[in-house]
Amino acid sequence: MVGRESEQEVLSAFVVAPGGRALVLRGDAGVGKSALLGHVAELATAENHRVIRAAGVEAESELPFAGLHQFLYPLLTYIDRLDDPHRRVFDVVFGRGESTPPSVMTLGIAVLDLLSLAASQQPLLLVLDDGQWLDTSSTEVCGFVGRRLTGSSVKLVVGLRSEVPSGFDTAALPELPVTTLSKKASEQLLDRHHPGLDPRIRRLVLDEAQGNPLALLELPPYVRSKRTGRTPEELFGYTGVPLPLRLQHVYGARIEALGDAVRAELLRGALDGVGAGTATGLAGGTRYRMAEADEAADCGLLDIDPLSGEFVFRHPLVRSTVVQKATPNQRRAAHAVLAEVHRDDLERRATHLAASMVDPDEEAAAALEAAADSAVLRGGARAAVAWLTRAAELSESHEARSRRLGCAAYIAGHSGRLDQARRLVRSDSGSSTTDSPASVVASGYVALFEDGDVRSSQRQVFAAIESMRDGGVREPDEVLTRLVDLLLAINQYASDEAAWERTHELLGSLGDLVPSHSRVYQDAWGDVVRRGAGVQERVERAFADRRALEPWDVTRLGVAAYHVDTLSQYRPHLQRTVDREVETGAVADAMTMLHLIMLDQIGVGEWEEAERTGQRCLELTTTHGHALFVLHTQAYLGLLAALRGQGERARELQATVDAWARPRGVGFLTQITDTIGTTAALAEGDYEAAYLHAIGITPPGTFHPYAHQASRTLLDLVEAALHSGRTQQARIHALAAQNAGLPHISPRLALTTYGALAMTTTDPTEAERMYHRAETHPTAAHFPYELARIHLAHGIHQRHTQGPEAARHSLTLAAQTFQRLGAPTWTERARAELRALGLTTPTTSTTSTRLAELTWQELRIADLAASGLTNKEIGARMHLSPRTVSSHLYRVFPKLGITSRAALRDALGKIPGDQNV
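Just so you know, this note's numbering puts 1510 at position 527 of the sequence shown, and the rest follows in order with no gaps.
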């Protein structure tokens, strides 16, 4: 038995106690009373008791002495040994003689005499289950006997349903309450008998059973066979959990005995998700208030909530049984009433309105569509799919039906449900010989996400946009916008110059029909070098009202922010959004959000966190079968491995991604694989290989159009060229970056451009000016890996031009930063330069060891705090809340071995004038 340790102790003590006694087990139906009665019978048998079992039967509850007959029939052989008066009493009870029925006292004394005689040879245990159904006469006698067992060798144990009145309620017998199982015990019981349940079904069963063992055992197979994959969010109103007949019977008879008005009231409460037992309603907000339902409360179906004073269901099984016992017409009528009750609640009204309809109704369809829009904004994309599908069913015109099915398929694709998106597309196109623009959107996303199909999906989307343009669309159109955004996403992955140029021409012909957000994507996703000026400010304006952004807009704007290196200021919003979307929303967009979070973690030097984010994303993308995102995630994990000096792992991932992406023409990923090769070779000091990989992305002196890694690998190409003896190519490339205006496009490009110019100039004064400009750039600390490389190059330059003492500071900063990042080969390179100066490397000092324990973000916060900034000022600078800053400092203090803010400066080993550690 699970979770019944305390009850078992009581029953064990009951059995072994000397003398006779009685005990009542009282609890709800299905709570496990019968199992405990079976347990006490086994204990008694082991103690050499004779066990006689009886059970109350509702059908015999009006038959006098029917229950007593069950108990005494096994003892008939002892009756002949009783004296005549007592024997005549039993003759009357068993129908063997005709006389006036005996009184309770007379019969009770006779029964006591019989039991004592039977127990004289062997102790006796009487076990009565379902005592609430025992006939009145038998109940009275059992109560009389139970109070007088002291001194005998007879024990009586009775099981009673707590919600059903019976004569035992006034029998004054000792009671043992049998309550529902605890949460932990419920989980143990469920997992033991139904291992491997789907997590959603497991949670549903636990919520519905509320600790009731019978429900925990009976519900899972029935729920699995009846639910056909639907989630609670997809159900229009509360429809109850399908119950097997055994569980329906627990409360069904009492529900059927209620008057029609009370049953209707209970049905309205159940369909609106009124709370049950210790569970709250199915969602937030005000629930229907059941009234005039005292009859249901009197028979144990409802309780009174002690806080609100309102009726609630006694148990979730009551709620499910109420719904299951109602006819379809009764449920629709109840939903119609509830739709009116919730007329001011967009989503609740739409839910009930949809469930109340049979025939097409445009008002209901429009209400559902509006509810779907609302759900998407709060992370309920999966529910929105169900609402839009139902809205399509209720649509009065073919055009409206097609548009809504297309919207449902579009959101299903973004929700990670590609199979459902495909079915919705088929259900729309089944009535037409040509694909509608909405179905092209959905099928395009399916093809892109599922297999990285950029070529055919690109052709299909181009054709759909041109068809709408030539068809005379004159006003901004949601489907057209989705087609445009899909085309831009496909182009980003394809990274094909000709396709991008054709796209610019096509979108130019659409004029104002292309919304401002899409114009941001057009300029940021394609060629940021040539079209990225001003994107930073446009992204910031677009993010101003984040509550109005749908999850795919958040994702797309985040991608634009990545291309101009301003992700950090939006990462808190992405982190708040991603968990919500993974659970019930746009899962496909959550995958990209995780990519963006990982990229920012890589950028700011939180490489351990980036690895965890990447692994989480890999698991999510693999689970949902999004091949494109699986390989995209592996590409970023490969890049991270290269940064961390894990060359073998980096090249394995590089090969895997390249073998998949190159045949499909997914240039976005093949560029990342080239970057992995460049980064890994640089980490290993193989500058010739690094150069060859880098020029595979873009040749020196130019930035290949629509190659997003061309500008991102600026410093890589320059360093590889310098260290492989190609100083002229390095200088040409640095000047090309300056001439292209890269410092005005993003803060990272400003840092790397100034660093590249410093590394490649032959004028020592110009070099120092550019190094200073790079190292003092306001956002330089946000890019510690690039900054540390610039510090390293600067230190080497200073050693050659100004001597060892001048180089010490820059080289020390480089070594410490590389060590904190977890870049061992770069760390050793910086240490070697320090050793060449005759200096001890930073890792030999206690301070440096402690500093190495800090994440980059913790170090940056500690550095700013040491400089005298308040938590609020630090938060504003790093786009964090003051509370988050405080939490980071709380973790920093013990790592540095200090207890106060005042000790930070000394603990950091701060060098005067340095604000860029």
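Please note that the accuracy of each hint is not assured.
As the list claims (entries may be wrong) - Straight-line distance between alpha carbons at most 20 Å, and here's what the computed SDA-like set of lysine to any residue pairs gives: (1) Lys1855 to Glu1635; (2) Lys1166 to Glu1278; (3) Lys1167 to Val1147; (4) Lys1166 to Leu1156; (5) Lys1855 to Ala1819; (6) Lys1855 to Arg1888; (7) Lys1167 to Met984; (8) Lys1167 to Gly1150; (9) Lys1166 to Arg1131; (10) Lys1878 to His1862; (11) Lys1167 to Leu1187; (12) Lys1166 to Leu1187; (13) Lys1166 to Gly1150; (14) Lys1308 to Glu1382; (15) Lys1167 to Pro1178; (16) Lys1166 to Lys1308; (17) Lys1308 to Glu1278; (18) Lys1308 to Arg1361; (19) Lys1167 to Ser1145; (20) Lys1167 to Asp1281.
No wet-lab data here; the hints were simulated from the structure.
Do the hints match the structure? See the list:
1. The hinted pair formed by Lys1855 and Glu1635 fails the criterion: a straight-line CA distance of about 44 Å is larger than 20 Å.
2. Between Lys1166 and Glu1278 the CA atoms are separated by roughly 31 Å; this puts the pair beyond 20 Å, and the hint is violated.
3. Note on Lys1167 and Val1147: the hinted pairing is violated, with a Cα-Cα distance of about 28 Å set against a maximum of 20 Å.
4. Of the supplied pair hints, the one linking Lys1166 and Leu1156 is violated, its CA atoms being roughly 30 Å apart against a limit of 20 Å.
5. For the hint linking Lys1855 to Ala1819, the alpha-carbon distance of about 43 Å lies beyond 20 Å, and the restraint is violated.
6. Between Lys1855 and Arg1888, the direct Cα distance comes to roughly 19 Å. Compliance with the 20 Å bound is thereby established for this hinted pair.
7. With a CA separation close to 14 Å, the supplied pair Lys1167 and Met984 stays within the 20 Å bound.
8. Using a Cα cut-off of 20 Å, the hinted pair Lys1167 and Gly1150 is violated, with the two alpha carbons roughly 35 Å apart.
9. Our distance criterion of 20 Å between C-alpha atoms is broken by Lys1166 and Arg1131, whose separation comes to about 39 Å.
10. Pair hint Lys1878 plus His1862 does not hold up; C-alpha atoms about 23 Å apart against a cutoff of 20 Å.
11. Only pairs whose Cα atoms come within 20 Å are accepted, and Lys1167 paired with Leu1187 is accepted, the gap being roughly 15 Å.
12. Taking the CA atoms of Lys1166 and Leu1187, the gap is about 13 Å. The hint holds against a cut of 20 Å.
13. For the hint linking Lys1166 to Gly1150, the alpha-carbon distance of about 33 Å lies beyond 20 Å, and the restraint is violated.
14. For the hint pairing Lys1308 with Glu1382, the CA-to-CA distance comes to about 38 Å; that exceeds 20 Å, so the pair is violated.
15. About 15 Å separates the Cα atoms of Lys1167 and Pro1178, which keeps this hinted pair within 20 Å; it holds.
16. Taken as a hint, the Lys1166 and Lys1308 pair is broken in the structure, with Cα atoms around 29 Å apart against an allowance of 20 Å.
17. As the CA atoms of Lys1308 and Glu1278 are separated by approximately 18 Å, the hinted pair is consistent with the 20 Å bound.
18. Between Lys1308 and Arg1361 the alpha-carbon distance is near 34 Å, which puts this suggested pair outside the 20 Å criterion.
19. The suggested pairing of Lys1167 with Ser1145 is violated, with an alpha-carbon distance near 24 Å, which exceeds 20 Å.
20. Simply put, Lys1167 and Asp1281 have alpha-carbon atoms about 32 Å apart, too far for the 20 Å limit, and the pair is violated.
Checked against the numbered hints given earlier, the structure breaks hints 1, 2, 3, 4, 5, 8, 9, 10, 13, 14, 16, 18, 19, 20 and satisfies all the rest.
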